[in-house]
Amino acid sequence: MLLNHPTTLLAEITHRCPLHCPYCSNPLEMTRADGELTTEDWTRVFTEARELGVLQLGLSGGEPLVRPDVEALAAHARAVGLYTTLVTSGVGLTRPRAEKLREAGLEHIQISFQDSDDAAADHVAGMSAVPQKRSAAAIVRELGFAFSINVVLHRANIDRVGDMIEMAASLGADRLELANTQYYGWALENRNALMPTRAQVDAAADIAEAAKGRHRGRMQIVYVLPDYHETYPKPCYGGWGKHYLMVAPDGRTLPCHGATHITTLRFDSVRDRPLRWIWEESPAFQAFRGDAWMQEPCRTCPRKAIDFGGCRCQAFALTGDATNPDPVCTLTPLRTIIDRAVQDAAGAHVYRFRYLSLEPQRV
Amino acid sequence: MTLTATSVPVLWRLARLEFDPVRKQRVLLYPEGVVLLNDTGAAILDLCDGRRSIGDVATILGERYHREVVDDVIEYLSRLADQELIRVA
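Going down the list, the protein sequences come from chains L and U. Numbering-wise, this note's numbering puts 100 at position 100 of the first sequence, and it's gapless, one number per residue. Numbering-wise, this note's numbering puts 19 at position 19 of the second sequence, and it's gapless, one number per residue.
With the rest of the complex left out, here is chain L:
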């Protein structure tokens, strides 16, 4: 099979984070500081990634700014020709650090906001971070970075999507991502407390759509659909191992950040193998390329060229078999799993907050 060059690398340089958002996409079992890759490991990975064809780099986490070497990593990424985005909570983005990042050639900063309502934002973050986020946003604007705001949408905040759009516009964002929660990691654990109703989802989509036109040319609004409420699954990163790769804090390299949950696969580490070998030859990246692995109805479905059977991580997480169709698809009887999850979510509203401890926390 002729392989694509990957275009995008997400480098989750740490799982450490001052925030405790219950929808975090990090795995429940997180890597501690002493298990993280070194600066030298990461710079080698970025060089190898560019040689492999990667053009876009996300420096993410956790909170990437907890590492003091983010500036050095950004400088190296720029030197090898990557377009780099820092994906941050904004906590720790002081003016001196932002200036150093600008000098290093970092181009784009994405700051997460939890809500347009400060008290609700504090509750979901498990800390008061709003003043630091606002200050970070002002610094990002002033220093001339490309500036995105990301808000994860869920039952408790989705009704304020109009306020969030106005907040992002007033903070001067070039882009606003309104991302409905994707149920992996901590979010899957908290699904019943996070899942919005169909009425909420429809109302928010209408508001976002109307705002797109109003802000066109000044702020780009990207609305990430809630896949549980869709008819067909999302085309996971354009297909498994086709455009995207992600390196976890401990060096394990995956085709998607949700893939750690697929316990039937073993993910090779950049500590042991060159990135090119992982991309081209590792069993995990080969596992779901093409369509030979597919079951029915995907195998004979014309939509397989559009959505590739949907998300492998979701198929595994919800059915225990990563070769199943993504249960979001209404063409598979597995869809009852999704419908039941949406119905069951109407009740309890207690979060299990994200904490980095040796054992996953139980509430």
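Careful: at least some of the hints might be erroneous.
[Said to hold, decoys possible] Label pairs and their calculated CB-CB ranges:
| no. | chain 1 | residue 1 | chain 2 | residue 2 | range |
| --- | --- | --- | --- | --- | --- |
| 1 | L | R214 | U | R13 | 47 to 55 Å |
| 2 | L | A120 | U | P21 | 41 to 49 Å |
| 3 | U | R79 | L | I306 | 16 to 24 Å |
| 4 | L | T263 | U | D71 | 48 to 56 Å |
[What the hints assert, rightly or not] Which bits of chain L does chain U cover? Going by a derived footprint, with three or more residues having C-beta under 8 Å, they are:
| no. | region |
| --- | --- |
| 5 | 42-52 |
| 6 | 81-87 |
| 7 | 247-260 |
None of these hints come from the bench; they were simulated from the model. Idealized CB from N, CA, C, for every residue including glycine.
Add chain U to chain L, keeping to what the hints say.
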């Protein structure tokens, strides 16, 4: 946004054109995105400087390719304008 021959197209200020030595191909880079360009696409974007109209761009490329290209240029730039990668100056 509807583009016409008199529209003056300009790249989004956060997007930049680069040559990728790995693919040996021109690429458009911007926040969270990449467009891999063919030679024609790159030739069009190189001429979108915020001063030339689409008509001006089409005249230059028409002389280069010895044919009428204005409709092709409008169609190509309209696709990028839908993604807000091309703005009107």
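- [ ] Compare the structure with the hints numbered earlier in the document and write down the numbers of the violated ones, lowest to highest.
- [x] Of the numbered hints given earlier, those the structure breaks are 1 and 7, listed in rising order.
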